[in-house]
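**Q** For the record, the sequence lines run as chains V and G.
Under our numbering, the first sequence has 96 at position 96, and the numbering climbs by one with no breaks.
Under our numbering, the second sequence has 16 at position 16, and the numbering climbs by one with no breaks.
Treat the hints loosely; a few may be bogus.
[What the hints assert, rightly or not] Only pairs whose alpha carbons sit at most 20 Å apart, straight line, appear in this in silico EDC-like list of lysine to aspartate or glutamate:
no.	chain 1	residue 1	chain 2	residue 2
1	V	168	G	9
2	V	125	V	115
3	V	125	G	48
Just so you know, these hints were derived from the structure itself, not from any lab.
Please read all numbers here as calculations on a predicted model, not as lab measurements.
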Amino acid sequence: MLTISELDDFEMLVRTHRARLLRLVAFSTGDQDLAETVVQDSLLRAYNARDNFRGDCSVATWLRAIALNVMRDYQRRQKFQFWKKASLTAVSVSDAATSLAGNDPSPEARMLAHEQVQRVELALKSLSERQRSVFIMRFLDEMELEEISVATGLPAPTVKTHLYRAVKAVRLRLGGTR
Amino acid sequence: MTLPHLTDEQLTDYLSGDSLPAIEDHLAACDVCRREIASMRASFQVFDHASMEWSERTQNAFGSTPRRAAPSWRPAAAWAVACLAVIAAVLLFGLLRRPVKTSQFAGVTIPASAGASDTAELSQDNQLLAAIDKELDSADLSPQKMYGITESAKAR
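One chain only, chain V, in its complex shape (with noise of 0.2 Å):
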């Protein structure tokens, strides 16, 4: 975990964190464009205001808390909106999953991984964003609810309930038991 002295280099900044940010962004919001322009403008943020980062909370959950309000702000300000409708870029991680089967190269096991991605992508697309956003946080970035709380700056049961939606959502998707 950084450390707030740590914030002073940027570059370090960057490599730890860029990815999981932009991971968070695009498949919160499903636009890469977006995504990518998001992320770039909140670790700048994040950086020029490191003298306030008070220490309350991880970098990694500030940066966070940083990145879904500059989210939500050009979402707000609609600054792509005619981009949303001329050149939309979609995540898909689906096609990258035929590589991950594991130890296992069989095209059985790439085949398994190609679907259990696309079944979990299905899913996160017929959730909303927050939830989506929530979702990312505890099961891929394996964040506590607190933290995640503090991240999207909601309370810790309504983050809880959409982790419940999430979760049912995921279940019906992957052919759970009801």
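Following the hints, complete the assembly by docking chain G onto the known chain V.
**A** For chain G alone, coordinates are given in the frame of chain V:
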């Protein structure tokens, strides 16, 4: 008797690591819920890896660091260096084209064989320098021209 399976809330809690004895007891007895949890975990894990790979690939495609604006002193320094270069060139040229005074060479003995050919060479050199001088006078040495900045580009 059919066991009541885990609710979405219980499943979420368990997947989040908040396991209660009641959930543990149920899982010990229920194959269906155990398989479901294993399937969900496997799916999350594959999606985690796939999405991170996508994110890292996207990151590499656009460079590992965002482009930062150049510090504000850079343009000023570039202009200063350009101006110094122009001044140095003009001074050097002025020194080279200064007329040669014969009194400066009062004590120098010139070999007899050197006389006529050296005078012709000196005359040629002076002509060449005069031509360069004329060319430089008519040339546009503005920084915009030096850096290839056209009027249309500046207007944008």
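**Q** Look at each hint and say if it fits the structure.
**A** Results of checking the hints against the structure:
Restraint check for residue 168 of chain V and residue 9 of chain G: the C-alpha separation of about 9 Å stays at or below 20 Å, so the hint holds. At most 20 Å may separate the alpha-carbon atoms for a hinted pair to count; residue 125 of chain V and residue 115 of chain V meet this at roughly 15 Å. For the hint pairing residue 125 of chain V with residue 48 of chain G, the CA-to-CA distance comes to about 16 Å; that is within 20 Å, so the pair holds.
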